[in-house]
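Q: Construct the entire structure; sequences and hints are all you get.
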Amino acid sequence: MSTMQKTYGVLAEFANPADLMDAAAEVRDAGFKHFDTYSPFPIHGMDDAMGLKPSKLGWIVLGHGIFGLLGGVALQSWAMSIAYPMHISGKPFLNFPAFVPVAFAIVILLAAFGAFMGLFFLSRLPRLHQPLFNSKRIAKATDDGFFLCIEAADPAFSEKKTTDFLKSIGATEIEIIPE
Amino acid sequence: MSMDHHHTTLTDQLTFPEENRIATAFFAAGFAGIALSLIGLFVNTEQFFFSYLTSFTFIASLVLGALFFVMLQHITRSGWSVVLRRIPETISYQLLWLGLLFVPILFGMEFLYEWTRAELIATDELIQHKRPYLNIPFFIVRNVIYFAVWAFLAYKLYRNSVAMDRGASDAIDRQQRVISAPGILVFAFTVAFASFDWMMSMDSGWFSTMFGVYFFAMSFQSVLALVIVLVIYLLSKGLLTNTINNSHIHDMGALLFGFTVFYAYIAFSQFLLIYYANFPKEILWFYYRFEGSWIILAYLFLIGRFALPFIILLGKKAKSNHKVLMGVSIWIILLQFLEMYWIVMPILHQDAISVHWLDLTLLLAFFGVSAGLFFRQFARHSMVPKNDPLLAESLNKH
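Top line first, the protein sequences correspond to chains A and B.
Counting from 513, one number per residue, gives the positions in the first sequence under our numbering.
Counting from 255, one number per residue, gives the positions in the second sequence under our numbering.
All clues stand as given, with none of them false.
For lysine to aspartate or glutamate, the following DMTMM-like pairs were computed, each having C-alpha atoms within a straight-line distance of at most 25 Å:
id : chain 1 : residue 1 : chain 2 : residue 2
1  : B       : Lys577    : A       : Asp560
2  : A       : Lys672    : A       : Glu687
3  : B       : Lys651    : A       : Asp541
4  : B       : Lys570    : A       : Asp548
5  : A       : Lys679    : A       : Asp559
6  : B       : Lys571    : B       : Asp505
Computed spacing ranges between beta-carbons, pair by pair:
id : chain 1 : residue 1 : chain 2 : residue 2 : range
7  : B       : Leu292    : A       : Ile620    : 48 to 56 Å
8  : B       : Asp419    : A       : Gly575    : 48 to 56 Å
9  : A       : Gln642    : B       : Leu568    : 30 to 38 Å
10 : A       : Gly575    : B       : Asp266    : 40 to 48 Å
11 : A       : Ala591    : B       : His383    : 40 to 48 Å
12 : A       : Ile620    : B       : Ile438    : 22 to 30 Å
13 : A       : Pro597    : B       : Ser523    : 21 to 29 Å
14 : B       : Leu568    : A       : His556    : 18 to 26 Å
Just so you know, the hints here were simulated from the structure itself, not pulled from any lab data.
Quick caveat, the model's predicted, so the values are computed rather than measured.
Each residue gets a CB set at the ideal place from its N, CA and C atoms; glycine is no exception.
A: This is how it looks when you write it as structure tokens:
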């Protein structure tokens, strides 16, 4: 590997989920923002330990849902009263109770699209290259490994200091990940 | 870093403080309500029984919802809810004497249930057809069965839970699930038929197969609100503050939000099918409930019981904000009473809402006595199932 290569970050392995969660809290308290943890299963409380803010996904879903509601009502209002007005057992053309099931279904559909595509967007997927895979060890994150990676993009990042810091908070293995 | 947010032992005071006079206060209010209502019984007997049934179904819906909540936690082996489960357990324990409160209704059947009136039995062909089901002896037998089944379930689940306070026992813990699994099935049928008997049969020509689910949806939404009110009340008194955390509250808020949608879904589905088909025998029930000022209540439920709580509780923060949850919960419980009123009372006052003072005194009587009994029972045992096998999981909830 060329020495000219940029560093993506420092990957640290921890012995167990509890150590990882403590380490995440230490990293958060040290002021790092660009870091992530990797484990074979979700660890309850990790969001707080990492200091993650609530996801923006909800707002994307809400926007899509509201758009679906307005669109669903507008579509039916137009179809049932302007384009194809039909008398159905003496009910008014603009029969809002009857519009509810379809409007509801469109809200669900668009909100689900919003959640699905919003998740891809926020996670920057699809991603063709993830530098973490330069590490052989990271594969353990799908089996029995608990990892924390502080990225070089973080303003507080310094290869030497960050490595020492991760050692001091109990990392069992440290690896510099090239870009 | 210290793990101070992790704990597996209870550090709070576990008994509801005796010096708290809240039970006495509720009993006093309840007995005042009973005394006033007894006067009303002689002043306006018919109104008395209609008001009585309204308040009875209101209290019954809360108590039954609590029983369902407890059984649901057991069959799903829910760990998260253990710290607050004693609250719905204690609410559902009132099913022991709920049957006694039903007895007065048997004396008012000629007012409440048109199918008991001799002149209608003689002339109304529809009622004649329904006689095999809608007759007084069978009505009483059915209700005895309902109350016996509910009392058994509530008693066993409560007593087992309290027995485990003296020491964890896998056998008892297993028995909770063994009771709850068939219990939920029996609960579904008994509650549905009870709602047919108590309320749907008042309009003996009307039927809706969704009515049982409708009653259940209302009752479960309301009892989630009631548990939230009680939890936040305890926390505000400085009780269980290290036991029940914001994550428990958030999950209760999420359940309240979810079952607000479920309530709206069921209530609207029942309405839409009948409205769209527009058959005379079916539509009349809604016709009377949309007549005159009754329509105001119908819109109030649509906006106040679904739209507003839905919007308010949509965000994550609101679901664990004590003030917001307390406000929404009390509002939903109030609307539950009004919805029972809206179901029962148009039979008596067909043209418009006509509030009678008996509506209020009987609500005071039922609510005062039930709340008093709740707090008396709640003070007798630990406020938390302190040896439950899943307690540690619940305490560590995030």
